[in-house]
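Participant: Could you build all of it, start to finish, from the sequences and the hints given here?
These are the residues of each chain, in order.
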Amino acid sequence: MTNDMKKGILIGTYFILTIVPLIMGLGYSLLYSFGMAGLMNNGFTFEHWQKLLANSELFITIGYSIYITLFSLFFILTFALLFSWWLVLKKNNYVFNLLFLPLAFPPLIAAFSWYYILSPAGIISRIVYYFGMTTDISDFPRLVNDDYSVGIILTHIFLIFPLFTILFIQQAKKERMYSLKEISFTLGSTKNQFFLKVFMPLLLKKTAPLILLYAIFLIGAYEVPLLLGQSSPRMITVFISDKMTRFNLQDIPQGHAMAVTYSVLIIGITTLFIRKIKTV
Amino acid sequence: MKNIFYYLVLIILIISCSSHQEKTEISNNSWEQVSEIAKGETVNLMMWKGDPLINKYMSDYVVPELQKQYGVTLNIIEGQGNSIVSLLMTEIETNKQKSEVDMVWINGETFYQLRQINSLYGPFVERLPNSQYVNWENPFIAYDFQQAVEGYECPWGNVQMAFIYNSDKVQNQPMNLNELEIWVKAHPGKFTIGNEFTGMTLLKSWLIYLAGGKDSLSGKFDVEKYLKYSTQLWEYLNRIKPYFWNNGKSFPSSIAQMHQLFANGELWFTMSNNDGEVDNKMIQGIFPESSRAYVPETGTIQNSHYLGIVSHSANKEAAMVICNFLISPEAQFKKMQPSVWGDHTILSISKLPVGWQQKFKEIPGRKYTPERADIQDKALMEPAPEYMIRTFDDFRKEVMEK
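The listed protein sequences correspond, in order, to chains A and B.
Take the first sequence: its letter number 191 is residue 191 in this note's numbering, and every next letter is one higher.
Take the second sequence: its letter number 60 is residue 1060 in this note's numbering, and every next letter is one higher.
One or more hints might be untrue.
Derived pair list, reagent style BS3-like, types lysine-lysine, alpha-carbon separation capped at 25 Å [to be verified]:
id, chain 1, residue 1, chain 2, residue 2
1, A, Lys243, B, Lys1402
2, B, Lys1049, A, Lys243
3, B, Lys1402, B, Lys1056
4, A, Lys243, B, Lys1249
Because the hints were derived from the structure by calculation, they are not lab data.
Facilitator: Structural data, given as structure tokens:
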């Protein structure tokens, strides 16, 4: 087998496993949203798109999903940078090994765990009650299903911040950060200056593609916002799932239209990012 | 690349346009022949498996009895409502000839959806020998969401919605909407409504009450009536919503979540579509010992749950044998015991042989919920399915998002 043949087989396999299902899924949703596929449709129509676009919840849902993604990422990256900075300085292998523990949690289990920790009947509330700091279950502040999505953001931090910490530590080693630090200190730089001007920008730049991937993962999160979020607003995936699986079968095409909107949004962000990388 | 994309879209179009369902011919075999064909077959039943007592009834009693008496193997798969509809829709859209599922446990909402997509086999119920004992004279059994069952689903059990409350905390249960408003305002955070089937059933009960009670919303969907009375309902709910659990900012998305909030003391009220559930949950040790059930004077919806056979099932005969067993006096008697399931029978006791009549009369009474006879006069019929669809959509728009 020649190298060209091997290359062809590899590309073909990749195409069949990734591109084809993506195009088929997106194509099917597109047809469904225009009334051209599906049991409940009767032919080409703009009706489902008109209904979706006339619904203010579409924009609230997208805005809310972006809010959750940006806030989660901000805290994840901040904690991961600070923690990796501390571990790089301390070279603490014991703590480093502990970082792998949260990675074993599937999102649904993590969401349940945080629910039992943060809910008014949860572990923290019980401890606080035991020490007489609250007198009733309703005295405990609401941290799940709450206005600011504290529970969702905390669960995302718990699930993803260790991964970025590990990644930053490995990247720091690769970039010989310890040596860079010694040199910059010798040249009179302070810790803060080194962190802000070298450590942070270098690691964020080197891991930018992965950060984008996790942004896509977070914007499409389902289990965590389903369990820990409010009934309204909803994340995009919860919105789509509700439209596709609730009582009104006539809503299914709107669910598909939303799925197309979501896919276009993600493809758009990714394309912009790739272009930016190419131009840098 | 461009060409490949166009071809793929074309293929999908062809597949989607060619999806159709062949009409199932109803077998003319005698019941003896049906039973003979069923022997040795395996039937997949998709049902909700969220209750340990129901699961125990199925696995410890139904499955072995079916094998012993009829040589039929029953395989139970987890799934309910929307997952059943999604699965069967996908199968029909892809023109699948033999379904993964032969039988489904459904209620009115799913029946309405499955009938819309023609995925139920029938009529078959009149062919079951035990259907002679079914209480077809009872409109709560013969009609499902105002639709005649017409032999497309076999009644299995009958339930009425009930409020469940913690009697240690709630001394005087609110009996109407005014009393509930006063109670909710006096006890902020202790009451809520689920944004799911049971919650919507409660809202429909209130809609019927506001419209004048009992038969006020009977018949086909009346948009004028709906708009008039739902407006009153949304006004009422928005007035008391700030005093709901979590200040009315979120609503439980499942009845299991409601029960959990009730069990851990966050809520002092929960509700159930099964009037016998409080006994059932207390036997399991899930609810506090002070839990009690009641039906307010505003009335609650009573409905039945059913078994359907999938139109493209390859094991219809065996599925019919199972349905026949599940509506037999022995299986219904066992199911009605509060310690087994506590599900009310769909059989007419007076139609049963004398020996069985006596046995049914001797079933131990409920401990923590009123007897069915005492709440029957407060039973409301399910209105047409469109009321459910509109209520569910508008509850989100008019209450949750405001």
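Participant: Each hint should be assessed against the structure and marked as holding or not.
Facilitator: To see whether the hints hold, each was checked on the structure:
A distance of roughly 20 Å separates the Cα atoms of A/Lys243 and B/Lys1402; the hinted pair therefore holds under the 25 Å criterion. Distance restraint check for B/Lys1049 and A/Lys243: the Cα-Cα separation of roughly 24 Å lies within the 25 Å cut-off, and the hinted pair is therefore satisfied. A C-alpha spacing of about 43 Å is found between B/Lys1402 and B/Lys1056, which places the hinted pair above 25 Å, so the restraint is violated. With a C-alpha separation of about 20 Å, the suggested pair A/Lys243 and B/Lys1249 falls inside the 25 Å cut-off, and the hint holds.
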